[in-house]
Amino acid sequence: MLSVVDLSKTFNPGSVNERLALSGVSLELEPGDVVTVIGGNGAGKSTLLNMVAGVFPPDEGKISIDGQRIEMFPEHVRASYIGRVFQDPMMGTAASMSIEENLAMALKRGGKRKLLRGIKRNDRDFFREKLSLLGLGLENRLTTRVGLLSGGQRQALTLLMATLVTPKLLLLDEHTAALDPNTGQKVLDLTEKIIANNNLTTLMVTHNMEDALRIGNRTIMMHDGNIILDISGSKRENTTIPDLLEMFRKASGREMANDRMLLAN
Amino acid sequence: MSASVWLGVLEQGLLWGVMVLGVYITFRVLDFPDLTVDGSFTLGAAVAARFIFEGYDPWLGTALALVCGVMAGCVTGFLNTKLRIAPLLSGILMMIALYSINLRVMGSKSMLSLLRMDTIYTDVTHLGVSANLAVVTLGLAAVVLTCYLLYTFLQTEIGLALRATGDNEQMIRSLGVNTNTSKIMGLALGNGLVALSGALVAQYQSFSDVGMGIGMIVVGLASVIVGEVLFGTKTLLRTLIAVVIGSIVYRAVIALVMRMGLPTTDLKLFTAALVILAMSSPIIKEKFSARQARGKESGESAISGRP
Ligand SMILES: Nc1ncnc2c1ncn2[C@@H]1O[C@H](COP(=O)(O)OP(=O)(O)OP(=O)(O)O)[C@@H](O)[C@H]1O
Ligand SMILES: [Mg+2]
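Chains as they are written, first to last, in the numbering used here: chain A, -11 to 253; chain B, 73 to 379.
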């Protein structure tokens, strides 16, 4: 489904700020794979997702989705395959526009935009139906400006927008990290529900080890721009959080010096 | 003030109101501080004036002015999106370039008089509109039509993408919109309206002057902000009407301070001060209310919703 081959990226090459973010990463995803991605700060998790989404061009390597090479496509072209939810709840929605306008734009992902009315007659019923699945009462607030919603509400809306037109690939980058634990859990439950209902192929970055092992069918660990661990099936089922930490120590020769990751809330 | 002064205020408010709507598109909708406006306003005036001066149809000249403004906006957009020049600098470069272009358009004269020539205003008097209401009639028609078209356009699929580009570029790109195209389109639209306004104004005052656009961006901002503050931004339609009313209020204020003895040469200083005051008002308000309600949290954090 998603195939990443020997992907490399160095930021600010040749300057004092030179940073190797990805060094020859390869990754194959089967259709329906839900892969959680863990790793310390600066490991390259976000960079991997950004490269797949087309935020930066790769230095080297190939990316394809369903056999279609996409690494030379700009971000807005790749958007027809990919749904994204960002870490920052402010990032995924347009604050000055209403809920229905945001959803109408999401409904056009991958389609051609024309001089037609942005919100059509039947759209509103469809939006209400989809919003009611979130269970946040947003279905009665179609014309509310998104800027007036809470971070959790905005993140749930972003999740709905990313999947309103079923994407081939869903990219989630610590999308619950900025929310309080309660709200984060709710958004995560919604995420699981939406992924399951649509059978979405997903890459989900998380710093919560418990979630990383519980959600999805496969877990990869990144360190210094490499994938240092890739577990699935029974091997994954028998892995515990202390195991993960031990694997990290062995593979990287370091302690997982990141207390964020130890907090399994 | 006499009725004729009020009529003048209304006329100017409407004609410059088209420019203000253009500034609203670039500055507010697209969130692009576009200084091209100073040049494209004059461009519109120069193109229409030269066209009329040469004896051609004033309506055609006005339409041509709009087209030229659109092209100027496209160039600014090209500088910014394709050549990656910062928004402010792209606008300044275009503004400077247009200064020379405008002189060329006017035949290397710094002023082109249209006295006793046929303009769109004299044209409608032939249709039976009384001479002293011709400007208001056409100004109102232009503003209403522009507001209606903008209101409709900004709710189309493309219009929504344009608004989202100004609001959250990353988000709308991840929904499949080429934000470079959106920006060029917004700048073209905004500057087209500004140039149209220039053409309307040149025919109104019966001349075009190479310096008539200087400070136009500040006048536009002043009008947008005054309108938004006085009439609010609850809905899109309301905001569009608000900025036009802002333009009229701005002209009324100018007429008033000039009556009170402000020399014409100080007008730009006054306008700049007005904009500074309006733009800093949130900070002033914040300081003021912070002193009033010491220790109380401001509403900001509740609205932004960040936990
Ligand atoms: N736009 C950028 N410009 C320059 N350097 C960058 C950029 N984005 C990431 N980097 C660098 O690339 C490396 C990998 O960063 P990345 O954001 O992918 O890490 P991460 O695994 O997502 O970490 P975190 O858990 O902190 O989010 C880091 O050293 C980072 O400083
Ligand atoms: Mg990250």
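Do not rely on the hints blindly, as some may be mistaken.
What the hints assert, rightly or not - Derived Cβ-Cβ restraints for the label pairs, each shown as a range:
#1 Ile348(B) to Arg7(A): 53 to 61 Å
#2 Ile157(B) to Ser14(A): 52 to 60 Å
#3 Arg331(B) to Asn0(A): 23 to 31 Å
#4 Arg310(B) to Arg116(A): 49 to 57 Å
#5 Lys340(B) to Arg57(A): 39 to 47 Å
As the list claims (entries may be wrong) - In silico DSSO-like pairs for lysine-lysine, Cα to Cα no more than 27 Å straight-line:
#6 Lys50(A) to Lys154(B)
#7 Lys154(B) to Lys102(A)
#8 Lys100(A) to Lys359(B)
None of these hints come from the bench; they were simulated from the model.
From the three backbone atoms N, C-alpha and C, an ideal C-beta is built for every residue, glycine too.
Evaluation of the provided hints:
1. Taking 53 to 61 Å as the suggested C-beta distance range, the pair Ile348(B) and Arg7(A) does not conform, at roughly 41 Å.
2. Checked against the hint of 52 to 60 Å, the pair Ile157(B) and Ser14(A) fails, with Cβ atoms roughly 38 Å apart.
3. Separation of Arg331(B) from Asn0(A) is about 59 Å and departs from the stated range, judged on CB atoms against 23 to 31 Å.
4. Range check, Arg310(B) to Arg116(A): about 25 Å between beta-carbon atoms, so the 49 to 57 Å window is missed.
5. Roughly 56 Å separates the CB atoms of Lys340(B) and Arg57(A), a value that falls outside the hinted 39 to 47 Å.
6. For the suggested pair Lys50(A) and Lys154(B), the alpha carbons sit about 26 Å apart, so the restraint of at most 27 Å is met.
7. Using a Cα cut-off of 27 Å, the hinted pair Lys154(B) and Lys102(A) holds, with the two alpha carbons roughly 23 Å apart.
8. Proposed proximity of Lys100(A) and Lys359(B) is contradicted: the alpha carbons are some 48 Å apart, above 27 Å.
Hint violations for this structure: numbers 1, 2, 3, 4, 5 and 8, all remaining hints satisfied.
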